[in-house]
Amino acid sequence: MENVQHGGCAMKQDKTVKELLVEMFRRVGLEVSSYAEVEEWAGANGDEWYRKRTWTDAQEQEFKKWAVDKMRKAFKCTKKTAEAEYSWFNLMWGWRVDTEISGEQSAGLDGWKC
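Counting in the numbering used here, the sequence shown runs from 1 upward without gaps.
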């Protein structure tokens with residue numbers, strides 16, 4: 001989870017990402033109170049730590065709403081920019097959405113012909 005940017009903006013981004021990760025972990029029932037505890041849990045669960053937990057679509061949408069607001073304030077950016085940044089965050093570190101818990105069913109590829 002290294003940051004490649006430089007200067008004050010990078011420090012603000014790094015701090016915000018750490019806050020997002022702590023909150024993301026809390027929202028799936030992990031009792032963490034600091035980024036150090038997030039790193040400890042992730043380290044203990046191997047390279048694919050992000051696959052160890054899931055959340056519902058509703059949980060992810062609630063978190064997204066909170067995270068986008070947090071990013072808008074931290075980075076002083078538009079909602080659209082914050083949503084784009086959230087998409088990258090979620091792609092890199094987000095929990096998988098459990099479609100069975102969410103009540104969604106994947107259609108799959110049955111019946112598709114190539």
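Keep in mind the hints are simulated off the structure, nothing from the lab. Where a beta carbon is used, it is the ideal one built from N, C-alpha and C, also for glycine. Treat the hints with caution; some may be incorrect.
Simulated restraints on C-beta separations [stated by the list, open to error]:
1) Arg-96 x Glu-31: 17 to 23 angstroms
2) Glu-40 x Lys-76: 17 to 23 angstroms
3) Lys-12 x Glu-83: 26 to 32 angstroms
4) Met-92 x Arg-26: 17 to 23 angstroms
5) Cys-77 x Gly-29: 16 to 22 angstroms
6) Lys-18 x Glu-62: 30 to 36 angstroms
7) Gly-29 x Lys-70: 28 to 34 angstroms
(message) Need the list of violated hint numbers for this structure, in ascending order.
(response) As far as the earlier hints go, 2, 3, 5, 6 and 7 are violated by this structure, in ascending order.
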